[in-house]
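Novice: Order-wise, the sequence lines are chains A and B.
Heads up, our numbering is the position in the first sequence plus 116, with the first residue counted as 1.
Heads up, our numbering is the position in the second sequence plus 116, with the first residue counted as 1.
Be careful, since some hints might not be right.
Since the list gives no way to pick one copy over another, a pair counts as held whenever it fits inside one copy or between any two copies.
[Claimed, not checked] In the DMTMM-like style, the derived pairs of lysine to aspartate or glutamate whose C-alpha atoms are separated by at most 25 Å in a straight line are: (1) K269 with D374; (2) K227 with E393; (3) K529 with E633; (4) K695 with E495.
Keep in mind the hints are simulated off the structure, nothing from the lab.
This one's a predicted model, so the numbers in the text were calculated from it and none came from an experiment.
Protein chains: 2
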Amino acid sequence: MADNGWDAVVISGSDPHASEYVASRWQQVTWLSGFTGEAGDLVITMDHAGLWTDSRFFIQAVRQLEGTGVVLHKTRIPGAVSIPEWLAGRASVVAVDGLCQTVASVTELEKAGCTVADVPDLLSALWPDRPGVPSTPVMTLSEESVGQSRYSKLTELRKFLLLNDCDCILVPALDQIAWLLNVRGEDIDYNPYVISYLLVTQSDAFWFAGKGDETPDPDTQDSFQELEADGISILPYGEVKGILEDFFRAEGQRVFLDLSSVNYSLYQDIAESAGEENIVSGTSPVILWKAVKNSSETEGLREAFLEDGIAMEKFLFWLDTEVGSGRTVSEWDASEKLSSLRAEIPGYRGDSFANISAYGPNAALPHYSTPESGSAVIEPRGLYLTDSGGQYLFGTTDITRTVPVGECSYLEKEDYTLVLKGMIALARAIFPSGTAGCQIDVLARNPLWQNVRNFGHGTGHGVGFYSGVHEGPQDIRQNFNPQPLLPGMVTSDEPGIYREGMHGIRHENILLCRELETNAFGSWLCFETLTLCHIDTSAIIRDLMTADEIEWLNSYNRRVFETLSPRLDDETVAWLRSKTLPV
Amino acid sequence: MADNGWDAVVISGSDPHASEYVASRWQQVTWLSGFTGEAGDLVITMDHAGLWTDSRFFIQAVRQLEGTGVVLHKTRIPGAVSIPEWLAGRASVVAVDGLCQTVASVTELEKAGCTVADVPDLLSALWPDRPGVPSTPVMTLSEESVGQSRYSKLTELRKFLLLNDCDCILVPALDQIAWLLNVRGEDIDYNPYVISYLLVTQSDAFWFAGKGDETPDPDTQDSFQELEADGISILPYGEVKGILEDFFRAEGQRVFLDLSSVNYSLYQDIAESAGEENIVSGTSPVILWKAVKNSSETEGLREAFLEDGIAMEKFLFWLDTEVGSGRTVSEWDASEKLSSLRAEIPGYRGDSFANISAYGPNAALPHYSTPESGSAVIEPRGLYLTDSGGQYLFGTTDITRTVPVGECSYLEKEDYTLVLKGMIALARAIFPSGTAGCQIDVLARNPLWQNVRNFGHGTGHGVGFYSGVHEGPQDIRQNFNPQPLLPGMVTSDEPGIYREGMHGIRHENILLCRELETNAFGSWLCFETLTLCHIDTSAIIRDLMTADEIEWLNSYNRRVFETLSPRLDDETVAWLRSKTLPV
Chain A
117 MADNGWDAVV
127 ISGSDPHASE
137 YVASRWQQVT
147 WLSGFTGEAG
157 DLVITMDHAG
167 LWTDSRFFIQ
177 AVRQLEGTGV
187 VLHKTRIPGA
197 VSIPEWLAGR
207 ASVVAVDGLC
217 QTVASVTELE
227 KAGCTVADVP
237 DLLSALWPDR
247 PGVPSTPVMT
257 LSEESVGQSR
267 YSKLTELRKF
277 LLLNDCDCIL
287 VPALDQIAWL
297 LNVRGEDIDY
307 NPYVISYLLV
317 TQSDAFWFAG
327 KGDETPDPDT
337 QDSFQELEAD
347 GISILPYGEV
357 KGILEDFFRA
367 EGQRVFLDLS
377 SVNYSLYQDI
387 AESAGEENIV
397 SGTSPVILWK
407 AVKNSSETEG
417 LREAFLEDGI
427 AMEKFLFWLD
437 TEVGSGRTVS
447 EWDASEKLSS
457 LRAEIPGYRG
467 DSFANISAYG
477 PNAALPHYST
487 PESGSAVIEP
497 RGLYLTDSGG
507 QYLFGTTDIT
517 RTVPVGECSY
527 LEKEDYTLVL
537 KGMIALARAI
547 FPSGTAGCQI
557 DVLARNPLWQ
567 NVRNFGHGTG
577 HGVGFYSGVH
587 EGPQDIRQNF
597 NPQPLLPGMV
607 TSDEPGIYRE
617 GMHGIRHENI
627 LLCRELETNA
637 FGSWLCFETL
647 TLCHIDTSAI
657 IRDLMTADEI
667 EWLNSYNRRV
677 FETLSPRLDD
687 ETVAWLRSKT
697 LPV
Chain B
117 MADNGWDAVV
127 ISGSDPHASE
137 YVASRWQQVT
147 WLSGFTGEAG
157 DLVITMDHAG
167 LWTDSRFFIQ
177 AVRQLEGTGV
187 VLHKTRIPGA
197 VSIPEWLAGR
207 ASVVAVDGLC
217 QTVASVTELE
227 KAGCTVADVP
237 DLLSALWPDR
247 PGVPSTPVMT
257 LSEESVGQSR
267 YSKLTELRKF
277 LLLNDCDCIL
287 VPALDQIAWL
297 LNVRGEDIDY
307 NPYVISYLLV
317 TQSDAFWFAG
327 KGDETPDPDT
337 QDSFQELEAD
347 GISILPYGEV
357 KGILEDFFRA
367 EGQRVFLDLS
377 SVNYSLYQDI
387 AESAGEENIV
397 SGTSPVILWK
407 AVKNSSETEG
417 LREAFLEDGI
427 AMEKFLFWLD
437 TEVGSGRTVS
447 EWDASEKLSS
457 LRAEIPGYRG
467 DSFANISAYG
477 PNAALPHYST
487 PESGSAVIEP
497 RGLYLTDSGG
507 QYLFGTTDIT
517 RTVPVGECSY
527 LEKEDYTLVL
537 KGMIALARAI
547 FPSGTAGCQI
557 DVLARNPLWQ
567 NVRNFGHGTG
577 HGVGFYSGVH
587 EGPQDIRQNF
597 NPQPLLPGMV
607 TSDEPGIYRE
617 GMHGIRHENI
627 LLCRELETNA
637 FGSWLCFETL
647 TLCHIDTSAI
657 IRDLMTADEI
667 EWLNSYNRRV
677 FETLSPRLDD
687 ETVAWLRSKT
697 LPV
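Here chain A stands alone, though its shape is the one from the complex (with noise of 0.2 Å):
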């Protein structure tokens, strides 16, 4: 930093495609500072390193940063300062790796009156063993399991494009890449993505997915020749700047750019290549297609949660069997089950996420992550809960359940209740064609707050098929967010409630949204629940719950017993009946 002038630099969470989860190259700020978080920046200055960090990871972070010297900011708090209010008037000169900065960050950078010198891959002078840039074997999908083959999906690309008076679009965004080109890869935990860079023409289509590798693997071989026999060039990944300045200089053409999801130092060779004026931004379309689930996605995805349901249901037949039986199970025991139990299901490709297995007053945090060594035993007392998931060739899955494993007190029984109203609830909503998700959440936090109680997370986010656990555009939660809830999109309800130093309770189906009917009053919508798994009935204070609300419940887990009990063996099949009989 003294050597080159540098005041302050800023090290980004994120990677080159702003990814929630990253590969080990882009986890700068774990490497240099311990904490390993999926959201954190840090800001080291010459006296002084901080981490900035959101509520969900408050306790890991000075967990992590105990000894380090490191000193977390909050942020998303009253009262918080970003890093650009942090920096004005004690940095002049920022450096940042301009690859993991988007555009709107470095511009706030500037607002707030500093110099912003772009060093891409600014860490790999100090860091000798970094990792290279992941290069997993690469897979297409048949057109049959996606239901749209990617010709048709670069077509109504194309057509966007038209619409929006550009020649050509440049996609950073990995799940997008997976969406539109039909092909999955394993470079990034838990996120079936390539790491590549898509261009899209009306003629052409470049993909930046080669790693250079010296013998390629052979499924990455044959998925190339066929994604090339569709028209598909595959460029170098580590040329895209100079490819892309090349391209641009000599086309001048109009480029579409998301720039959500374009890193500052692309942008920058963009603007400079094919002049700023020629440059659209917007919000890419993908995001949106991508979140509308076809009829082959929404068949392979019930498969995948029937799939999904069958494991869960071994493993809690094993966790209550462990615990009843007074074997000692720790937290990382019981996740290490739930992953092996997944394991066994074919189609399996990992899980959509680090599973949360959480006992007792663990599970009060939300986003605990479960220790490999020294995590609590589950004792047959009070209530555990884990939050997991799935990646299936057919589809990705997300679940919370939380279930007693001995007796529960009053205010346990009491928030379990209140909080699968809620779950209930929002499952049963119809409304009308329109309806976005901020104007449906209450119905999953009215049972809650009727009792002055709440939880401050949203209520449900998307979900993609073989792709990212967490999509956007909709979502349901208190934020104004207009996007409508549209047949076939598929999302969470997930409310839960959290008392520190006592339990945290949290139920999650996953919702897709369906059309009902249309009559006088216009055209309405409802919920098929996708997940399989029954909701255990011991923790029910019944005389809390409606009769529609029971209703539903015993519905449900009927439902659960049939759909799985011809999958389970006899022992489960026992269990499930007496877990599944009706309140």
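Dock chain B against the given chain A, drawing on the hints supplied.
Specialist: Then chain B, alone, in the frame of chain A:
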């Protein structure tokens, strides 16, 4: 038009103060077309005359425009063509009365390619007996009754100006002036305002309220003396333009303007004399201050709803008796009776809007305008709806009751019960501080949505204190209005259902937002129901209601009986007792 070279004239339905209700002088649309709805603009070209209005007034417009040659243009429907869109290409020079246009509406015309000719009081030349600016008696309200002196309110406003780096503010909105100066008048039907402008500087306040009467009303004289003693200079309304021009030219001050209520002509004058760089535009803080009632105002409102409830119960008893004994009662008769009962209340200053008195299918029009002659006779079957309110020295009321006047069909009862469930759900709501109306609107709709039914209007609007029956900034509706509900705000709770040709149902109570408690989950708000008038239980399908809802209903009716019966005669008490028996 030909003489002046105008291709089109736009006649606004508003007045120089952007009022919802206007004095007869500004009922220009009515004078030209016969249409009497509160919202409507007229466009006249050489070969066309069109009225632009929204769905509340479609039926009324069709009836009133019949035979006039004026064509109805529907607004706020899919595919609606706005006035600027319609004029684009059709008219080059468009004349407007800039006194009755907002800056935004003129800008829209200019964006549509029109040259706008501003001709203040454009119609006066053609309208020899046009009414003058009204000059009803001006009265002042005591600090005791409104809880805050005008001095204190002006001091708050002056602090706001300092914070916003402004020297003065021009307030043209009549409700804001009434609140700031603690003055009321009767210049406009249903709205107790004085037509005027107010200019507030750090040292002075200039009220353009003098109407040049040769022998001003003694009340007005007294009020003006009281105001002048408080440092408020009274200036002539008719000279606002010239005086402001001189003021801004001489002083060169920065002025705060809320463009939603400053008319185009006046804005142009100010921009020219003060310089556009000295105009700071924003939302007037008075809107929010006025909406948050203090304890004197809420005390007054409780009294107003008590008195109003007595009138309502007398009315409903009379209606029950008359219709039950076979006498002929028309909708208009009922409306007159209700107004006469309100008029008996000490402190009554008029109705707060034109009564809606609607029987059977007429109630399916949410904004039914009861005709003086030929209104429907109330038969002893089905449902009768009355939506009405009063202006009292100590508050403004608004109430809707839908009552069975004989046998009801199952569908009528089902709709009645579902709408009531929605009203109760909102009345019972408990919600965190910071919650906006759109985040809880669904509570009032969900019982209908669950049965695939809905209503097409908002659920709740703000209600003033001896002021307009509609006020902002809060509301409870689907639209994203970010204004949180704050303790002290008064908002209606009025879900409904409308079946064309069959029946219409709306239940409306008025809710006062209050603090509930603060606990580990945050700080919490709830509602107090101000309205005191029983809810008829004979049309309820009890099985559709939850235990909580029945408890709320019985407890509400008990409270109504206990509060009102000491003020009613024996016969009415006996009747009310039977009407409020628990279900």
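Novice: Hint by hint, note whether the structure agrees.
Specialist: Each hint, compared with the structure:
1. Proximity of K269 to D374 under the C-alpha cut-off of 25 Å is restricted to the intra-copy arrangement: shortest distance 18 Å within a copy versus 48 Å between copies.
2. Taking identical chains as interchangeable, the C-alpha atoms of K227 and E393 lie at most 25 Å apart whether they share a chain (22 Å) or sit on different chains (23 Å).
3. Taking the shortest alpha-carbon separations for K529 and E633, only the inter-copy value of 23 Å comes in at or below 25 Å, while the best intra-copy value is 37 Å.
4. For a Cα distance limit of 25 Å, the shortest separation of K695 from E495 inside one copy, 20 Å, qualifies, whereas the shortest one across copies, 57 Å, does not.
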